[in-house]
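For chain A, the structure is supplied; the task is to place chain B on it using the hints.
Number of protein chains: 2
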Amino acid sequence: MKWCRFQTADGPSYGIIEGDNVIQVSGDPIRGTYERTSNSQPLSDARLLVPVIPPTFYAAGINFREHVAEMAAKRGEEPQYPDAADVGYRANNALVADGEAIVVPSDAHEQLQYEGELVVIIGKQCRNVSEEEALDYVFGYTIGNDVSERHWQRNDRTMWRGKNADTFKPMGPWIVTDGVDPEDCEVRIVLNGKFISKYNMSGAIFGVKHYISRMSKYLTLYPGDVIWMGTDGAPENMKHGDVINIEVDGIGTLSNPVVWEK
Amino acid sequence: MKWCRFQTADGPSYGIIEGDNVIQVSGDPIRGTYERTSNSQPLSDARLLVPVIPPTFYAAGINFREHVAEMAAKRGEEPQYPDAADVGYRANNALVADGEAIVVPSDAHEQLQYEGELVVIIGKQCRNVSEEEALDYVFGYTIGNDVSERHWQRNDRTMWRGKNADTFKPMGPWIVTDGVDPEDCEVRIVLNGKFISKYNMSGAIFGVKHYISRMSKYLTLYPGDVIWMGTDGAPENMKHGDVINIEVDGIGTLSNPVVWEK
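Read top to bottom, the protein sequences are chains A and B. My numbering applies: residue 1 is where the first sequence begins, and numbers increase by one. My numbering applies: residue 1 is where the second sequence begins, and numbers increase by one.
Extracted from the complex, chain A is given alone in its bound form (with noise of 0.2 Å):
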């Protein structure tokens, strides 16, 4: 299935995507159940809005050895892998919908880069679970773009504005239930129509089952809680009146423009 959140008039509601229509639901079809309405629209009429608002937005981070080396390497440093699966978290204030503007502060440096990702939801309650077993409590699967300034990001002492700015977290379009392989995938990036990288999930250094499973061992996982899964490459910067999409398989394409504010 594949599930939208979208602006009615009386508020925010879940929606089913069917083709080229959006069938409203009432209920929360993540955190509880739901049950299909009479309305229905076009989908390029709805207003989506982010997909889920996390309990808890967590963030892999540092996943990827091409990245974290060429990352390194533009800073002049040797690459520092990570040997264990340490999740980071990320900031609800800054979560955008798909097609909504990345509004970048004024006093912002030059180095504002995306970062094109795969977004895990977490379905159902669930502590020690084993990694064969971790899937079992996905929802499903949706996209999301890291916007990192990266002078903040390296001289601040935390990630709250090198990350966490409002609008540095666009998240969807939608979420997709079945038919994703997020060990198995490929992220495109496409900056202004132009294709600029891709890179594989199976490339990750800790996948998404690994991941599941071990923060589950020290934490309760709720339904609505996403991860973020970390990229891969090395991102170019964006300009004022850029357009960044991100393109997973089998997910669909996350866009957003860039707006420098004055």
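Calculated from the structure, these hints are not laboratory results. Here the structure is a predicted model, which means the values were calculated and not measured. Do not take every clue at face value.
Given that identical chains are not distinguished, each listed pair holds provided it fits within a single copy or across any two copies.
To be verified - As a list, the in silico DSSO-like pairs of lysine-lysine whose alpha-carbon atoms are at most 27 Å apart:
hint, residue 1, residue 2
1, K198, K2
2, K217, K198
3, K198, K124
4, K209, K239
5, K262, K2
6, K124, K2
7, K194, K124
8, K239, K217
9, K74, K209
10, K74, K198
Relative to the frame of chain A, chain B by itself:
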């Protein structure tokens, strides 16, 4: 006013604490409106819950000079003081209420420590607020215990289990909206009934007003967001069977037993 969140037969509810009683309200006093109901019960009979589940869970972290110096000395390192109010994150999975156990994973190391902290709860959405107007956006204050497993904190790449294992973030017991000066109140640590240490919020490197103002330059704060303000001093280790109390002037006492998993 003194607000709590407590368990009822119909699920969690907010309540007003007046004297020794809790008056149940409908609605949400932090995010919307509320009405008093005719239900009340003795506070001593109420099962208190975490007083707010934050959309984003901020933590000021390193924010007191003595804490920085003493923790560095323990590691045999030179202290490094932060030169800006860079806020970090904690995770909702780790929250527990007053009275609930801090359950320590069986493979945790000996240096399992409390950090008693003032917690700020945002009451109104804000962006770009001055220090002068910052407190106008605060709903109230509560108490947090930023439980930390120092071996994991030092050796993992992130704070995920060193700070955010399930039950490592006691918060409560309630929220006080008046009579607390967040930049001049005393925080006291009492372990197993014995006074251990105290500090005053006036010793913070960056105060509440400064944090709110600086954060809001880059991000929107939302009703229910919490900011844990950091701790002073050098905490002691906690063992199985300990009871750790954090007292804050004008708020009350957050008390939690420590249970080490076998």
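Open item on the list: So, against the hints stated earlier in the document, which numbers end up violated here?
Closed with: 2, 3, 4, 5, 7 and 9
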